[in-house]
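Chemist: Per the UniProt record's numbering, the sequence shown starts with residue 1, numbered consecutively.
FYI, nobody ran anything at the bench for these hints, they're computed from the structure. Check each hint, because a few of them may be wrong.
[Unchecked claim] What follows is a set of in silico ranges between Cβ atoms, one per label pair, in the way DEER data are often shown:
| id | residue 1 | residue 2 | range |
| --- | --- | --- | --- |
| 1 | GLY153 | THR69 | 21 to 31 Å |
| 2 | VAL7 | ASP66 | 19 to 29 Å |
| 3 | ASP108 | PRO17 | 51 to 61 Å |
| 4 | PHE18 | ARG41 | 19 to 29 Å |
| 5 | ALA122 | GLY61 | 49 to 59 Å |
We treat Cβ as the ideally placed atom computed from N, Cα and C, and that holds for glycine.
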Amino acid sequence: MLKFNVVAAPENSTLPPFDLPATQVLSPMVNISTDGAIVRRMTLTEYDDGNENPTGSLLNGLRWRDPLTETPELNTTEVWEIINLTEDAHPIHLHLVSFLVKSQQAFDAVRQTAYNCSFYVAYPDPMSCFTEPPQEPELHHLGWKDTATVYPGKITKFVVRWATQSGHQFSFDATSGPGYVWHCHILDHEDNDMMRPLKMMAANSTQLP
């Protein structure tokens, strides 16, 4: 519990000087190659007891203690396509590394659930689940991120660099120890299994192009 007592300001009090910029300074666009990158397709799902009482939130249909599935190699780049099948927006956070939001693309959840379309068919083909072409990331999603919002009914693509932002190797052995995690940053979601381990694997190269 925290209590605030609001009192009158002293007679000689003044506001510290400050200047607000006329325009917001935006992060510069960053482009890194995804040629030959591993593509991982992840799903976000939620479950309830039939009376709209939540019973769990899962990444890729797996719980925290299920076997490890994310084993990226050091000094490589991957594309993560995160499919939000829930009605919520989820702030997805990756430990250790930063990533770029490449695009967001809405899909028809009803057709997808009925298996009447495919994510492997590009828009605007009638067999595609997508209802629009890929959209550029929002302004606040530009630049390097460790957390980004994945909106309901959309696939959000992350370009994940398993190295430092500059592309160089880490100053420590990221393959040692128990590993790292990725998860939804909503507290009751990550506490109810919307968190998965990831383990860095050794690679031959020491620097990305």
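Chemist: Can you name, in rising order, the numbers of the hints this structure does not satisfy?
Modeler: 2, 4, 5
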